[in-house]
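**Student:** Residue numbers (numbering that gives the first Met the number 0), protein chains in the order written: chain R, 0 to 134; chain F, 0 to 384.
A hint or two may mislead.
[As the list claims (entries may be wrong)] Here are the simulated distance ranges between beta carbons: (1) F:8 - R:59: 25 to 33 Å; (2) F:104 - R:32: 56 to 64 Å; (3) F:274 - R:5: 46 to 54 Å.
[Claimed, not checked] If you only want the chain R side, here are some residues facing chain F, beta carbon under 10 Å, derived: (4) 2; (5) 5; (6) 16; (7) 18; (8) 36; (9) 62.
[Unchecked claim] The list that follows gives simulated cross-link-like pairs (lysine-lysine, DSSO-like), each with its CA atoms no further than 27 Å apart: (10) F:357 - R:4; (11) R:42 - F:376; (12) R:4 - F:260; (13) F:376 - F:260.
In short, the hints are calculated from the structure, not lab data. Note that CB positions come from ideal geometry on N, CA and C, so glycine has one too.
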Amino acid sequence: MQYSKKVMELFTKPKNVGEIKNADGIGEVGNPSCGDMMSIYIKVGKATTGKNKGKEILKDIKFKTYGCAAAIATSSMITEMAKGKTLEDAEKLSRNDIAEELGGLPPIKMHCSNLAADGLKAAIENYRKNKAKKK
Amino acid sequence: MKIYLDHGATTPVDNEVLKAMKPYFNEKYGNASSVHSFGDEAREALDKSRKVIADTINADPSEIIFTSGGTESNNFAIKEIAFDTKKRHIITTTFEHPAVKSVCKFLEEKLCFKITHLPVGNDGVVKIDDLKKAITEDTFLVTIMHANNEIGTINPIEEIGKICREKRIIFHTDAVQSFGKLNIDVKKMNIDLMSMSAHKIYGPKGIGALYVRKGIKLNPMFQGGSQEFKKRPGTENIPGIVGFAKAAEIANNRMEKDNEKMRELRDILIDGVLDTIPSSALNGSAEKRMTNNANIRFDYVEGESMLMHLNLKGIACSTGSACSSQSLQPSHVLKAIGLSDEQSHGSLRFTLGRQTTKKDINYLLKVLPPIIENLRKMSPLYKCR
Ligand SMILES: Cc1ncc(COP(=O)(O)O)c(C=O)c1O
Ligand SMILES: [Zn+2]
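Based on the provided sequences and hints, a complete structural model is requested.
**Tutor:** Now the structure itself:
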């Protein structure tokens, strides 16, 4: 499989692996029968400085992924890209953004990269639902 | 360090084979149909090679047709038999190589043949009773592989042949994975048609043969000249054919020794993996199995990621995972032996070869456990247990 250097780097040394205890939102996407599955955990807080001051941003983000090298690398990449972003900006991250940042993905692997973007969206949605319930 | 454990995919060409082939590229380059001395040389090599292949399976040279390999031989056999009968029913199995599976599917979808797929059970072996029950008045062909390419299990083709002969049904077997590795006697086993390929036995790629028993009428696959008894026209690939014969001869001579050595190494591999890695299991029968095949599943991890990590460590193997296939479907073979999609995704196939050493296996046994452990730590499935 011809993967870019960046994909191989993140596949072998993924960043932000793990779970967050008392996460504010959890996204679970994919399933083992289709070969790729991801759980993503987010911690949300208000930015205290900068242009986003007062807005809700992703303070911390961690993931666990079952899947191929592309699935693991895209999972790792999205956590890095999303950390510190406002929820609105993080939600907008698409699979193409991730693929671009990774130096491209083999065409057949594009489907695996859906997982990460979908996972993050699901986690943010989950966070909003939790918040609405609390009110 | 580079270790090749994918001999089920293909093998390196043996040096002796290469040496035998060489003159036929630029010294003895004649066309076997020519009547001058150059042609004589080529024809002599062709005849001799045909006899070598025939001898290894107890056939007559006139029963061997050279083809471009296993895929062509399977297409040739199944289609030409099907095109020449009024009957409609073919019996095959659920775990054939795509070169048989897709041919049957083509006949079923495009030409309204009826196909019965015999189950193979968890052990990956066809049951004779299932075959007996599936046979009808309308059955004209049984095509069942000898050894399976993914899990290395071996079907009872002698018993299958006996039943087919009794019922006057034509029996074809895809022996691409077993030819040169198991003893095959086409007479004793009542085989009517058999596919072989050179590149799985240290011969060149793109050459193979179809055994066609005397008395089986087979129309040509292509129209053209009169080569290969008018059944497979086209100028013969003499270097390939010479290489194939040499490879078959060598394989036949060292079959027992090779099998003995590989069985030992394979068992060290299987026992070593199952002993050190929890939640791992062998796919398919341990006994009715090729000596070179170890197909093992690892729960909670996906095959491509294991394969890529092994690749980084210099080890080459293959997987039943969808993510490494062009089709994005998990292996139909692993599904056929009752594995869930998840289990198929987590399966690796190691196929040993002549140069495989104990050192290679020990190295694998050293690097594999931490790879699995790390991937499991990352797996959301693992936490649930
Ligand atoms: C069981 C089986 N049948 C057929 C084939 C196809 O043979 P070839 O590559 O010579 O076309 C293979 C090899 O890929 C095989 O393992
Ligand atoms: Zn994938």
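**Student:** May I ask which of the numbered hints given earlier this structure violates, with the numbers listed in increasing order?
**Tutor:** Hints 1, 2, 3, 5, 10, 12, 13 contradicted; others consistent.
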